[in-house]
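Protein chains in written order, with our numbering: chain A, 1 to 412; chain B, 1 to 542.
To be clear, the hints were calculated from the coordinates, so they are not data collected in a lab. Please note that the accuracy of each hint is not assured.
[Said to hold, decoys possible] Computed list of lysine-lysine pairs in DSS-like fashion (alpha-carbon distance at most 30 Å, straight line): (1) B:Lys22 with B:Lys290; (2) A:Lys219 with B:Lys410; (3) A:Lys301 with B:Lys22; (4) A:Lys219 with B:Lys384; (5) B:Lys290 with A:Lys301; (6) B:Lys363 with A:Lys303; (7) B:Lys363 with A:Lys301; (8) B:Lys290 with A:Lys296; (9) B:Lys405 with A:Lys392; (10) A:Lys296 with B:Lys405; (11) B:Lys290 with A:Lys303; (12) A:Lys62 with A:Lys392; (13) A:Lys303 with B:Lys384; (14) A:Lys296 with B:Lys22; (15) B:Lys384 with A:Lys301; (16) A:Lys219 with B:Lys405; (17) B:Lys363 with A:Lys296.
Just so it is clear, the structure is predicted and the values come from calculations on it, not from any experiment.
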Amino acid sequence: MSAPTTKTDSAAGAASSPGGPDGLLGTLARGMRANMRQYGMLLALALIVVLFQIWTDGILLKPQNVTNLVQQNSYILILAIGMMIVIIAGHIDLSVGSLAAFIGAAAGVMMIKHDMPWALALALCLLIGAAAGAWQGFWIAYIGIPSFIVTLAGMLLFRGATQILLEGQTLRPFPDGFQSVGNGFIPEMGPYTDYHNPTLVIALAVILFVLWREWRDRKRQEEYELDVIPMGLFVAKCTALVAAIVAFALTLASYHGAPIVLLVLCGLLIALGFVMRNAVIGRHVYALGGNRPAAKLSGVKDKRVTFLVFVNMGVLAALAGVVYAARLTAATPNAGINFELEAIAAAFIGGASASGGVGTVLGAIIGGLVLGVLNNGMSLVGIGTDYQQVIKGLVLLAAVGFDVWNKRRVGS
Amino acid sequence: MSSGTAPVLEMRSITKTFPGVKALSEVELTVREGEIHAICGENGAGKSTLMKVLSGVHPHGSYQGDIVFRGEPCAFKDIRASERRGIVIIHQELALVPYLSLAENIFLGNEHATRGVIHWNDTLGHAGKLLRRVGLTDPPLTRVADIGVGKQQLVEIAKALSKEVKLLILDEPTAALNDEDSAKLLDLLLEFRAQGISCILISHKLGEIRKVADSVTILRDGRTIETLTVRETPDAEPVVSEDRIIRGMVGRDLDHRFPERTPYEGDDAGETAFAVSGWTVHHPIDQQRKVVDNVSVEVRRGEIVGIAGLMGAGRTELAMSVFGRSYGRYAAGSVYVDGREVSTRTVPAAVRHGIAYVTEDRKTYGLNLGDHVSRNISLAALDKVAHRGVVSEHEETRVAERFRKSMNIKAPTVFEPVGRLSGGNQQKVVLSKWIFAGPEVLILDEPTRGIDVGAKYEIYTVINDLAAQGKAVVFISSELPELLGMCDRIYTMAAGRLTGEVARADATQEVLMRHMTMDRSLTATTPGRTDGPADQERGLTG
């Protein structure tokens, strides 16, 4: 249990104890101000982890619980990524919970009732999700009905369709191959060690990727004569990052290894993170959310971009529905209730702005983890779901309230 | 009219400063009891600011000077305070709630109620009387959204009457009205004068002023230039000519410095690069109204062509509707680039045909204020810094850096949020964005609005450079000296129509202003003044 504790210690330490002269503190403060909400939430996440690690006598970061945490929250995190993009574009989607349930039901009908091969059924599920997203995107983008209304209708519509499809029954069990989407792990390979080999290899790849990116960003900043953090601090930051990844990987590797959904999540994070940051269409999403009239007058195809944002959300909701059904090994009419609210909360805790144009995919993950750790930790120490909801509500309010206050204080 | 010479309102030595700008400088205004007093001046002369000071929108203490109304000094802290004394202002943009009834709107904020419960009978009865007084016969329960703009203007006036108005202020009341409604409204003002209500009328239409006003005060650059008597008695013929008023409005000297022009000397110099023909656009909501009416303009390569016009002339509406039909409802007209007819149905299509539009309202329509300088510059032409849909941040930063240097944008880095820059630097960012898009035709809408003299000069230089490279430039501006200093030719617009085309050699401020104040409402048929319902109702109120 020593490895996980070091992780949180070093992460918190790097962010909160500069311990150097004022200049260093000043540089750090300047760097943080730009991304106050995200850094703040990262810090809050670390604090919550430490708090519950102590409160649960170390159960929180036990390998089995960490694995559990990842699998339990994966579908909310998937939804949160899509929701973040929807909110950046200046919209909202209330239908994702119902849509996830509908897709789960469709998966059940295809695989359990009709014995369809699971890979084919999975592909069809994602296609249905895209079609559902396109349906909502059409009304929002091309007809001009507010997204709140269209997706509220979708919330009712897909919930009803789920119940029609399942005739009120629960379908189970799913074929084994499909279950592994929600519960499975990467298969073990190579010689026997105390740890799960492929997980360690993946961790090494991630470390190299992260270091390369940090280094490249630093070089670029130097090239454009921006403020760069001092070399010492840069090394400390990289060390902390590597330590966090190593600790996380070792924790997972000492149990069953990396869950398959974790790889899916990482893939989404990297791919959609790249799209939002570097692709033309991602830039157009930010521009539309930031100032719609100005973006339109700059030639941004607002209707098409909005449409695609909802198609993307539909696919992600389908993926979340599939993962949830696989994890439950059943398709039930009541799946996905309140998922949309958790995803929206995750996006706002992770730095989205209610007026649009602001937020990152990584932020959605951080926000989702804050909620996930709170859920898991509170359950472990025996706080009832009634109080859990009260606390989560207050956390959401506090996170956004702090951001509003901070913006006013800085005067931007 | 027995006390016709006694002043009802005196504003003495009013000075109002906004951060960095002196909007009013020792302005004097005296309105006599029971007269219609017109105020005129160019856009930005300080008319609206003066009225905001008078009505308490700018509260006492935020300006210097004294206001005396009906013999008592005034210190209004908000608009309700001035309304309690009987000063009511009707803004150009109507302040009615569209889905409430006429009666509810008339008494909004001033309801006939006891302990929060509305007396509907009183409300409807009283509203009906007021509506008849302004010549409206619609039932008081009609929704505002169901009547035309002309009638809405009358509802605003009924609302003013409900507050026992002593001094009625109208800001461009006929700008949004058709000829018939305008004539009705002016007749109503004459009616009120006969009842002893004083009135301040802000208007660009000089014909209108000559028709109804008793005197006119001219403002220019935040100062009172003069007050002229329009007519000696209410029924007398006007004694002031339109030219006389224009002379007061424009007198600004041409001591602005403009950079040297290098003429364009390409082979295709002098060829028509951009032309709009028969362009007609309807108002987005009021479909009866033509905001742009059969306008045709053309611009040659390397030429800078100005469009002059006062508020509501339709200049921005023309530009925005040509640029991707971004305003109103297209009715007729075609656009030509290099002699070929092109479709500018969408913004991307317009951009593809080499047209760029730099908006007059950079904060609303030009910039994403929270985003970086670099991303704002690249937005209109992201494909130029992207390969297969992936933006190269490296390229983008280099481009932004190039514009930061060449346009002298004062920002610490190109990663600074645009919202933190000054107005002039924001304008340079918008210009950079469109220059980077590489257009052949640039429509610049008020490119120097709200920026300081130094930045103006830099922007003039950029515009001259563009012309020297053979671009066709359309320059929309409210500042006549600027147009005279920069343009080869100047079109003038009024009330959505083209009213003149003046070559640089023949252009003076007086000539332009005469074209800009052409008034079509006076040529229209005016309903008889004695058969209005107001006559029958006079007994109720008098």
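Tested hints:
1. B:Lys22 with B:Lys290: violated (36 Å)
2. A:Lys219 with B:Lys410: holds (24 Å)
3. A:Lys301 with B:Lys22: Violated, because 42 Å separates the two Cα atoms, which is more than 30 Å.
4. A:Lys219 with B:Lys384: Cα-Cα ~24 Å, so holds.
5. B:Lys290 with A:Lys301: Given that 30 Å is the threshold and the Cα spacing comes to 28 Å, the pair holds.
6. B:Lys363 with A:Lys303: holds (22 Å)
7. B:Lys363 with A:Lys301: holds (20 Å)
8. B:Lys290 with A:Lys296: holds (24 Å)
9. B:Lys405 with A:Lys392: Given pair B:Lys405, A:Lys392 is violated - Cα atoms ~49 Å apart, limit 30 Å.
10. A:Lys296 with B:Lys405: holds (27 Å)
11. B:Lys290 with A:Lys303: holds (28 Å)
12. A:Lys62 with A:Lys392: holds (23 Å)
13. A:Lys303 with B:Lys384: Holds, at about 22 Å.
14. A:Lys296 with B:Lys22: With Cα atoms ~35 Å apart, A:Lys296 and B:Lys22 exceed 30 Å; violated.
15. B:Lys384 with A:Lys301: holds (17 Å)
16. A:Lys219 with B:Lys405: holds (22 Å)
17. B:Lys363 with A:Lys296: Holds, at roughly 14 Å.
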